[in-house]
Amino acid sequence: MIYLDNSATTKPFPEVVDSFVTVATKYFGNPSSLHELGMKAERLLTQAREQIAAALGVKPNEIIFTSGGTEANNFAIKGVALQYRHRGNHIITTAIEHPSVSEPCQQLEQLGFEVTYLPVNENGIVTVEEVKKALRDDTILVSIMHVNNEVGSIQPVEEIGALLARYPKTIFHVDRVQGISKVPLDMKKARIDLCTMSAHKFHGLRGAGILYVRQGIQLSPLLAGGGQEMQFRSGTENVPAIVAMAKALRMSLEKYDKQIDYLLEVKQAWFNELKTIPSIQINTPFADSAPHIINFSLNGIKPEVFVHELEKRDIFVSTTSACSSKKKTPSKTLLAMGADDKRAESGIRISLSFENTLEEIPTAIAAMKEAIEKLREVTR
Amino acid sequence: MKYDRILIRYGEMTTKGRNRNLFVRRLKDNVAEKLQAFPNIKIEYMRDRMYVLLNGEPHEPIIDKLKTVFGIHSFSLAMKCNNELNEIKETALAAVQQLAHEGKTFKVSARRVDKQFPYGSNELNHEIGAHILRNTDRLTVNVHEPDINVRVEVRKDGTYVTCRDIPGPGGLPVGTSGKAMLMLSGGIDSPVAGYLAMKRGLEIEAVHFFSPPFTSERAKQKVVDLVKKLTMYGGTIKLHIVPFTEVQQTIYKHVPNEYSLISTRRAMLKITDALRQRHRALAIVTGESLGQVASQTLESMFVINDVTTTPILRPLVSMDKTEIIAIAKKIDTHDISILPYEDCCTIFTPRSPKTKPKKEKVVHYESFVDLQPLIEKAVANTETMVIDENFAAEDGFEQLF
Chain A
1 MIYLDNSATT KPFPEVVDSF VTVATKYFGN PSSLHELGMK AERLLTQARE
51 QIAAALGVKP NEIIFTSGGT EANNFAIKGV ALQYRHRGNH IITTAIEHPS
101 VSEPCQQLEQ LGFEVTYLPV NENGIVTVEE VKKALRDDTI LVSIMHVNNE
151 VGSIQPVEEI GALLARYPKT IFHVDRVQGI SKVPLDMKKA RIDLCTMSAH
201 KFHGLRGAGI LYVRQGIQLS PLLAGGGQEM QFRSGTENVP AIVAMAKALR
251 MSLEKYDKQI DYLLEVKQAW FNELKTIPSI QINTPFADSA PHIINFSLNG
301 IKPEVFVHEL EKRDIFVSTT SACSSKKKTP SKTLLAMGAD DKRAESGIRI
351 SLSFENTLEE IPTAIAAMKE AIEKLREVTR
Chain B
1001 MKYDRILIRY GEMTTKGRNR NLFVRRLKDN VAEKLQAFPN IKIEYMRDRM
1051 YVLLNGEPHE PIIDKLKTVF GIHSFSLAMK CNNELNEIKE TALAAVQQLA
1101 HEGKTFKVSA RRVDKQFPYG SNELNHEIGA HILRNTDRLT VNVHEPDINV
1151 RVEVRKDGTY VTCRDIPGPG GLPVGTSGKA MLMLSGGIDS PVAGYLAMKR
1201 GLEIEAVHFF SPPFTSERAK QKVVDLVKKL TMYGGTIKLH IVPFTEVQQT
1251 IYKHVPNEYS LISTRRAMLK ITDALRQRHR ALAIVTGESL GQVASQTLES
1301 MFVINDVTTT PILRPLVSMD KTEIIAIAKK IDTHDISILP YEDCCTIFTP
1351 RSPKTKPKKE KVVHYESFVD LQPLIEKAVA NTETMVIDEN FAAEDGFEQL
1401 F
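Chains as they are written, first to last, in our numbering: chain A, 1 to 380; chain B, 1001 to 1401.
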């Protein structure tokens, strides 16, 4: 099997699954319970929080556990909007955000908030100037993703953070779901107020995510109830998945240190090989992109058919982002980058992890060439 | 050219006479323990200063660690070069260039400790200052209130250049003043008292009274977490957990309600004193602040203190609660202390404890019950934990992470 859909989800590390099983069976207590079982669960939760905070260079009380990236993004955006609506009702985001950012923004529009969707350049990158132009007195939130999930372009988060330092009333949210453990980002240096991460994108399990909430930022809770997570997010904590996430993050960051050069080599090799296929167009900018996402368009071939054709050979790729790949809509990122409909409708995404190798490239490329050949004949 | 060492200036211990070496060596040991995680560093020490040679280790985390070592007055990133004028000029320039210097002002303060060096300090100031001025943009001289003070010291073994002094925590190196037992409840005050005791060079061992099932495991965990915070300043710290239920229940049963609190405090002090003797400490540190609660009136202190002649140190005695809270926040113990678990001080609290207890009365009430065997038993069954910065109580948790 050649798995090239790591931006949809990653294969959990076996050690991570072991932790999950141990915690779920041995330390199943509710962290809020007074007795010993509860206390052990609480200690596991505390230790996970401390370890994750240390790995991210932030304080433990700035880490809020959520059910995943979608919840964290919803919480960040709606939480700010409701908490700070007396300050203003303008929100800035980009045209290429993940639906878990753009959809909440649209919900807020219906409630009377005003949202500016910033355009991106042909490389899929929003510029600091665009942000600056869009900022107003009543802007309460700027939400910009770190790494685009469809094409892998890296956004100038640090520069935008430096710009926003002069706007103390504007809160800066970064969706770092694709960036974590692949593209370094110093949260303090980038002056980020809120930051989203999700366990299953770095070999953890689904059901656990993180919202970093800088000390001093208030958010109106999405989930009200028993007051867990320092009153930010009620609901009994998913201790097994959270402990597993702490381990997955540690292991992924260690892999980054040891293997980032290799991953870059793999990315380079993929680019070189894809360039030898004449009928496709590469959409990912080589220079300003993450080491693990490569997007190309098939020009005329239906991408779903291509995915299934490769699947027959045990190779797994994705049409644009997995979450929206069941809908037959053109990729909004590719459209925003200026691609025509034909190009935007036939996007294929390869997404790597530190588990992928150079050796699998020739096999995969040969399969892709054959598939393209075969499908061209059919469509002709 | 890069900063290759950190220069450490000693605090009050420079006033010491013949035993100064003892202080310096202890400080060196404490610094070495603190910087264990950086295997390449080397520590050089002499009578009046210490150098941490970085040997390629990153300086930012080391600076953060040094801010918690008592006995350090201040420290600076430094560069060393040979006692040769051109080399000194280049080094000083490099030191300035590594800082954000544009639009700032500077001055040079040269000291010629090595009197054999052919240039006097004024000549050095001029030469170095002129060199820096010529080779930088938008940096001007201000000898009265400079933003950057380029300190150049020409010593026998070489010349040292530093630009920025970072204040250390002051105090005396932990361990140079001897050892004391800290009575640690889990509240806001006692960890602060422990911190201040260590600041004056005391090594501490913590004593906690544990009354299951009236106080929970969580209360004990809280104390472990507090001690862990204190190890940031004091290195490894022993925590003695005293099983106190029996003593407390017996007192509650036999001593009239308004005096039970005083009697309990006396028993605690007796036990702590026994532990002190066993572990060869010379004093007991408490977080008492005069007049704060019923057991901390002068009358109560007098009656409680009566059970021992061991010096009882009360670093917080004259502090207001707000001042104590400020320190607790600074040393990061506050948020742990305010967790709402019952501890030995909050259970069995009489509704109206005596604020002006009489010694004769306490002695009279206590004469009806023989606490001594229970106290001895508590001392004998005391459980001791050794806690350091990486302490994790639960076995089997490590492989989960």
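Worth double-checking, as some hints may not be accurate.
[Unchecked claim] DEER-style ranges, computed between Cβ atoms:
{"hint": "1", "chain 1": "B", "residue 1": "H1279", "chain 2": "A", "residue 2": "H35", "range": "30 to 40 Å"}
{"hint": "2", "chain 1": "B", "residue 1": "D1332", "chain 2": "A", "residue 2": "E359", "range": "24 to 34 Å"}
{"hint": "3", "chain 1": "B", "residue 1": "R1009", "chain 2": "A", "residue 2": "E359", "range": "55 to 65 Å"}
{"hint": "4", "chain 1": "A", "residue 1": "M230", "chain 2": "B", "residue 2": "A1380", "range": "40 to 50 Å"}
Please keep in mind that the hints were generated in silico from the structure rather than gathered at the bench. Because the structure is a prediction, the values reported are computed rather than measured. Ideal Cβ positions, reconstructed from N, Cα and C, are used throughout, including at glycine.
Hint check:
Between H1279 (chain B) and H35 (chain A) the Cβ separation comes to about 33 Å, which falls inside the hinted range of 30 to 40 Å. Separated by about 49 Å at the C-beta atoms, D1332 (chain B) and E359 (chain A) break the suggested range of 24 to 34 Å. In this structure, R1009 (chain B) and E359 (chain A) meet the distance hint of 55 to 65 Å, their C-beta atoms being roughly 58 Å apart. Checked against the given bound of 40 to 50 Å, the beta carbons of M230 (chain A) and A1380 (chain B), roughly 42 Å apart, stay inside it.
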